[in-house]
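So the protein lines, in turn, are chains A and B.
Take the first sequence: its position 115, counted from the start at 1, is 115 in full-length UniProt numbering, and no numbers get skipped.
Take the second sequence: its position 148, counted from the start at 1, is 148 in full-length UniProt numbering, and no numbers get skipped.
There may be inaccurate statements among the hints.
Stated by the list, open to error - Computed list of lysine to aspartate or glutamate pairs in EDC-like fashion (alpha-carbon distance at most 16 Å, straight line): (1) B:LYS225 with A:GLU38; (2) B:LYS108 with B:ASP64; (3) B:LYS225 with A:ASP112; (4) A:LYS81 with A:ASP91; (5) A:LYS116 with B:ASP191; (6) B:LYS128 with B:GLU42; (7) B:LYS70 with B:GLU46; (8) B:LYS35 with B:ASP64; (9) B:LYS68 with B:GLU51.
Unchecked claim - Derived list of chain B stretches under chain A, where covered just means 3 residues or more per stretch with a C-beta under 8 Å from a C-beta of chain A: (10) 185-196; (11) 224-233; (12) 248-262.
Please keep in mind that the hints were generated in silico from the structure rather than gathered at the bench.
Note that the Cβ used here is the ideal one computed from N, Cα and C, for glycine as well.
Given next are the chains, with one letter for each unit.
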Amino acid sequence: MTATNSEAVLPAQGIEAPRSGRVDPKYLRSKTTSGSFEMAAWVFMRVSGIALVVLIFVHLWVNLMVGDGIHQVDFGFVAGKWANPVWQFWDLTMLWLAMLHGTNGMRTIINDYAEKDSTRLWLKSILYIGSTVIIILGTMVIFTFEPCLLDSTTGEPLPRAVCPN
Amino acid sequence: MSTPTQDVAEPASKVDLAQSSGGGGEIPSFDITLKVRRYDPEFSDEARWDEWTLTMYGTDRVLDALHKVKWEIDGSLTFRRSCAHGICGSDAMRINGRNRLACKTLLKDLDTSKPITVEPIKGLPVEKDLIVDMEPFFQSYREIMPFLVNNSPAPTAERLQSPEDRERFDDTTKCILCAACTSSCPVFWTDGQYFGPAAIVNAHRFIFDSRDDAGDMRLEVLNDKEGVWRCRTTFNCSDACPRGIEVTKAIQEVKTAILTRAM
Ligand code: HEM
Ligand code: SF4
Ligand code: FES
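My request is simple: use the sequences and hints to build the entire structure.
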């Protein structure tokens, strides 16, 4: 706001303008003072969206186009990728961003369509629990991935296991 | 004066005239089917469709068709209109599924081979036929403080402003508060809590006015959970606005202003 009058601003005259800071909570639309949460969520959707374009398309290209293409994808291929910290980090970022982006998108949709507060609470609870479980499980898989799976009875490596030797 | 040739002469009517329609100046007429969503809670809780076949003219608007029904066929048909010339903003309705002013929509521009449907605007409680309760709409409008707030002493003459500063918010001064935009917004349809495009347009008109001192407060109001961040950029509002205001752009400018202020 390029206020032409800004040089001349004097102490406010007479009655202060409405909403000049202290608003009686009973006049506010939402009880919860979410601060700028909605703004942060809006920015996050755009930033994560841009990041996801790069993450997802490189992921698809490397998995499906390079080398033998789709036919190369098996246990060994995944094991090979996750032996490299770059791909571990890549997949971890993709997992977190896609999950948080998707969860926030679903939160928006639930806010739109749920008519009753109780329905909204239920749907969001299921959403947040589901997302948390998937993020935790996914993160654990990336970091605790065991490429050399052994048969529990014979102690021999399983058919597609990738073992050092 | 030389005799004007047939091609350069201004046609008597801008409407395409059929060869058989006689001399210039005669307005062609055509038949339309007008299909109106009716609701009268005094008789029934159910809404219904009524249809009339009317003979209308090339210069007639949807409003004229509604008048013809109300004045000549069914006086109980209820709708709002004051100016009948696109100024007062009282006759926004859903015409063939799009929000339009009945007084600015020419029948000849619609597909007259099919029934022309007229419904009340969506998202606001219907009171009778095409009349909706506008109070929720004006509630949001009042909340953004649609008046000049200036803390410096009033000058003896007017508060001067450069043409460039005036231009900054010119587009949003054109609003006639018809609610066509807000009631075309799918986010507003969901629960009617969203401030809606019209409130943001009218906030924009003051936020970007160099003479106004309450821009910060309006940005704060619109940073609400039900404020600008609910906008999903569907452009329905820009499409609906009978004044051609770039509504979505104005909303985006308010979003940017809130963001820059926060950073
Ligand atoms: C490929 C890159 C992606 C980009 C550029 C992108 C971009 C966006 C943007 C900008 C929004 C906000 C729309 C708005 O507020 O109007 C959005 C919403 C959404 N996104 Fe994404 N996204 C991408 C990938 C994904 C993925 C992988 C998922 C699922 C995990 C997803 C799920 C959603 C959902 C559910 C919404 C909410 C839809 C709505 O608001 O109606 N997106 N996306
Ligand atoms: S912005 Fe346009 S559509 Fe919206 S209320 Fe104003 S004139 Fe009507
Ligand atoms: S009757 Fe006034 S705008 Fe249409």
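Hints, one by one, checked against the model:
1. With a CA separation close to 6 Å, the supplied pair LYS225 of chain B and GLU38 of chain A stays within the 16 Å bound.
2. Among the hinted pairs, LYS108 of chain B with ASP64 of chain B is consistent with the structure: their alpha-carbon atoms are about 12 Å apart, no more than 16 Å.
3. Straight-line distance between C-alpha atoms of LYS225 of chain B and ASP112 of chain A comes to about 12 Å, which keeps the hinted pair within the 16 Å bound.
4. Between LYS81 of chain A and ASP91 of chain A the CA atoms are separated by roughly 10 Å; this keeps the pair inside 16 Å, and the hint holds.
5. Proximity of LYS116 of chain A to ASP191 of chain B is assessed by CA-CA distance (about 10 Å); at most 16 Å being required, the pair is judged to hold.
6. Between LYS128 of chain B and GLU42 of chain B the alpha-carbon distance is near 9 Å, which keeps this suggested pair within the 16 Å criterion.
7. Annotation: proposed proximity of LYS70 of chain B to GLU46 of chain B is violated, straight-line Cα distance about 21 Å (limit 16 Å).
8. Only pairs whose Cα atoms come within 16 Å are accepted, and LYS35 of chain B paired with ASP64 of chain B is accepted, the gap being roughly 14 Å.
9. For the hint pairing LYS68 of chain B with GLU51 of chain B, the CA-to-CA distance comes to about 13 Å; that is within 16 Å, so the pair holds.
10. With a cut-off of 8 Å between beta carbons, the segment 185-196 of chain B has 4 residues touching chain A; three or more are needed, and the interface restraint holds.
11. For the segment 224-233 of chain B, the assignment as covered by chain A holds, since 6 residues bring a beta-carbon within under 8 Å of that chain's beta-carbons and 3 suffice.
12. Check result for the segment 248-262 of chain B against chain A: holds, 4 residues qualifying (beta carbon to beta carbon below 8 Å, three or more required).
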